[in-house]
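S.K.: Starting from the known structure of chain A, arrange chain B on it as the hints suggest.
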Amino acid sequence: EPEVTQTPSHQVTQMGQEVILRCVPISNHLYFYWYRQILGQKVEFLVSFYNNEISEKSEIFDDQFSVERPDGSNFTLKIRSTKLEDSAMYFCASSERQQGSLGTEAFFGQGTRLTVV
Amino acid sequence: GEDVEQSLFLSVREGDSSVINCTYTDSSSTYLYWYKQEPGAGLQLLTYIFSNMDMKQDQRLTVLLNKKDKHLSLRIADTQTGDSAIYFCAESREGYIPTFGRGTSLIVHP
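If you're matching them up, the sequences are chains A and B in order. Using my numbering, read the first sequence as starting at 1 and increasing by one per residue. Using my numbering, read the second sequence as starting at 1001 and increasing by one per residue.
Next comes chain B alone, as it looks inside the complex:
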């Protein structure tokens, strides 16, 4: 089956940029997603990118997609303590249930 891999932890200092990385195996992916899970809450869709794009920017968030290497990243500029959460990468083909990774815990310290 398809696979999505991401590292388990990332620790950054408040104000720095965070970059969370993800790799996937499905060369036919149509959508690549980033979900955020805050403590005690459900997964919430942060953003998604079409596989025919290589970048998407939304305020402090930048998503970069390298389709050749099947590598997706989420950059958070000026990381705040409120950004501390688990970030899940996911991918899907059109009309298919997304495949999720295990989530990266982002820890922001002062």
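Only chain A is shown next, with the shape it has when bound in the complex:
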């Protein structure tokens, strides 16, 4: 069964460093997303990406964050100058159609746990 894969599963980084979280969405999906979940808190939407551009972003997704689809398979989230409060589980997801449309299911990866020290 096709699945969304994320690497690495756990990343530890020093405050102020840049990190890149990687995702391989399901191959025939057109919409890609990043979410995060700070420990004990809600799963928060960060950004959605369609047709090689950001289609929607939340207030969390400020200039510190960027996304890219560098080739036909990878979808990355870059966090510049990481802060302690960026420590969270980051989930990538993909879907055939836009989430919130009739019958559309988003498929999630297993997450990357980012720890900023």
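None of these hints come from the bench; they were simulated from the model. This one's a predicted model, so the numbers in the text were calculated from it and none came from an experiment. Ideal placement from N, C-alpha and C gives every residue a C-beta, glycine not left out. Check before you lean on any hint, since a few could be wrong.
Claimed, not checked - Calculated lysine-lysine pairs in the DSSO-like style (CA-CA distance at most 27 Å, straight line):
#	chain 1	residue 1	chain 2	residue 2
1	A	42	B	1056
2	B	1036	B	1067
3	A	57	B	1036
Stated by the list, open to error - Using C-beta positions, here's what the derived DEER-type ranges look like:
#	chain 1	residue 1	chain 2	residue 2	range
4	A	50	B	1044	19 to 29 Å
5	A	9	B	1109	23 to 33 Å
6	B	1075	A	89	23 to 33 Å
7	B	1015	A	22	36 to 46 Å
M.R.: Below, chain B alone, put in the same frame as chain A:
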């Protein structure tokens, strides 16, 4: 913004029924979802219900929606150890990105 609330933990005995509850604030929600996350895996859509329905049943799963109170529940009959997971409630309007809760950890003990 819209909000989805659910309790953090639920512990049940194997064979009993589990009921996971969720409340939401958006009176214009079109879809209400339940996602399941097993250890080491991503969130997986279990089921969803349209806001104009009040119940949906799928084998051991029953979803109940009280639109007036904005209350959604997921009942798992005959809960098994394999049902141990985190269950996320989410809601969305048509064409909007879903808003998720924090997840309820279901612990099933023998």
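S.K.: If a hint holds in the structure, say so; if it doesn't, say that too.
M.R.: Do the hints match the structure? See the list:
no.	hint	verdict
1	A:42 x B:1056	holds (25 Å)
2	B:1036 x B:1067	holds (22 Å)
3	A:57 x B:1036	holds (24 Å)
4	A:50 x B:1044: 19 to 29 Å	holds (22 Å)
5	A:9 x B:1109: 23 to 33 Å	holds (27 Å)
6	B:1075 x A:89: 23 to 33 Å	holds (27 Å)
7	B:1015 x A:22: 36 to 46 Å	holds (42 Å)
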